[in-house]
Amino acid sequence: MNIRGVLIEETFAEAFTMRVARIIVTARSPRWAREAALKLTGFATSVIGCKVEAGIERELPESETPDGRPGLSILMMTMGKDDLPKRLIERIGQTVLTCPTTACFDGLPAAPDRVGVGSALRFFGDGFQSSKVIGGERFWRIPVMEGEFLVQEKFGMVKGVGGGNFLILARSADAALAAAEAAVDAMASHPGVILPFPGGVVRSGSKVGSRRIKSMIASTNDAYCPTLRAITTTALPDTVNSVLEIVMNGTDADAIASAMRMGIGAACIDGIVAISAGNYGGKLGPHHFHLRKIMEGAA
Amino acid sequence: MSGLLVTLRASLEPAADCAGVLAGAWSRLVAADLARRPVALSGRGPVPLGDLCQLTGDPDGTVRFVGDWRRATRLGAGLTEGAVGIEGDVGDEVGVGMAGGSIEVRGSAGHRAGAAAPEARRGMTGGELVVHGSVGREAGALMRRGLLVAGGGVGDHAAVGMIAGTIVAFGAVGPTPGLWSKRGSVVALGEVPIPSTYRYACTYQPVHLRLMLARLKAQYGMPVEGRHLAGFYRRYSGDLAELGKGEILAWTA
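Taken in sequence, the protein lines are chains V and P.
When we follow the working numbering, the leftmost residue of the first sequence carries the number 1, and every step to the right adds one.
When we follow the working numbering, the leftmost residue of the second sequence carries the number 1, and every step to the right adds one.
Hints are computed from structural coordinates only; laboratory data are not their basis.
Check the hints yourself; a few may be wrong.
[What the hints assert, rightly or not] Straight-line C-alpha distance at most 27 Å; calculated DSSO-like pairs for lysine-lysine:
no.: 1; chain 1: P; residue 1: Lys245; chain 2: V; residue 2: Lys283
no.: 2; chain 1: P; residue 1: Lys217; chain 2: V; residue 2: Lys154
no.: 3; chain 1: V; residue 1: Lys154; chain 2: P; residue 2: Lys245
no.: 4; chain 1: V; residue 1: Lys51; chain 2: V; residue 2: Lys283
no.: 5; chain 1: V; residue 1: Lys154; chain 2: V; residue 2: Lys86
no.: 6; chain 1: V; residue 1: Lys214; chain 2: V; residue 2: Lys51
no.: 7; chain 1: P; residue 1: Lys182; chain 2: V; residue 2: Lys132
Could you put together the complete structure from these sequences and hints?
Rendered as structure tokens:
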């Protein structure tokens, strides 16, 4: 399969089941909603080192937020069911509670699995906190120096998909970056999808384990490193001199597949040799995103 | 036709204690079963609701009361479920001691709406009591939880002995609201006299009111205006003769 002269390799992205929460952060202005969201999603690229993967899903207009103020939707994901509540409490407590004018709401109200967030953060109020039940949901009012921080008592948690990906194999680093930027722009604000890495792009794709250190769970994906072409078993065509990866997490497989289609389509530009994907032979992750199936009809 | 419709055949004479009509589980009752619920007529004793009203419709968790219910007391007392609509005015103690569900009064309500029954230590412990008109004195007395809303004025001694919960008044609030309140909130969008046992804290924009008021507008069509959502509120803490964790939030501008 070719799209505008770019080979779509016969391979698939292998992804995993994760636990997801959707957090709605609102504030007096878009600026402060974004400030909180950026801190909330900071250092959250991969569970390998960050314990959590998070990203901004999309901006929300005032008409779509619970309190009618500007906001952002954020997805936060962990591998384990027990990890997510901890990460939500520590991150919302340190980054949203602290940020001027913000409030924090659950973005998955229909999820039957509920985890306590406001119910834990309320203790910061040192006995001065109070709660209100509005429309059947409890919200905590925590007094802070600026006024009050409002946070919903419980947040929904659902199963999601983490690790959707594709690789952009390019003739040059400039071409790889341009294609990656185009892909990210096309995928930005796709409902139900986040790109947890810097700018949505990964330059350091990893393989499972290490050749030398047994305790390492991941190390550089040498098969896709152009500088190692001569000394390792390479997966790169001769003309490829740079590779970038787009990694995406989502609330469901359909959202991932849809975003991949948009991203791959946008990445097929001049200077790109091929689009590939990372997998582990299909033995580790239950979700397989076959590139050619996803791009059917786009060639 | 969905939901039950209870239509008074004639004006209530004498006054009728309707506490037994919606007490306990009622939302799955068919019209004939609800018609057997007792109404205590003053000086005459109990009669079945069906003797006074025509009941029609099918159960879907809602019931509407049509007619002149001004002489009906304790309608919706102890309510735990379902959505109750009263198309006009209603008498005293509507929703007294209610614990869940909702009561929407299209007209005005008498005294002690959502308050505690005489023998009880707590008023409303849950649910929503929304009155589009005014409410009489001692609304929400000993209220423990839940939401009481008045589209018009609120009589004197509202929220007396309030333990928690919220009263929202779109009109003027009468003298001495929130006396002996422990944790409750009185939200005043109109004039409100501040009792001497309340102390001014600050003027700010409580975010939770944006949610609450927006919901009242969407759910019940209450006259919430942009100035209520975006405005500032003076917060008074009280009753300082009690626990002092209650509040009066008075809209300013």
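- Item | Those earlier numbered hints the structure runs against, lowest number first | 1
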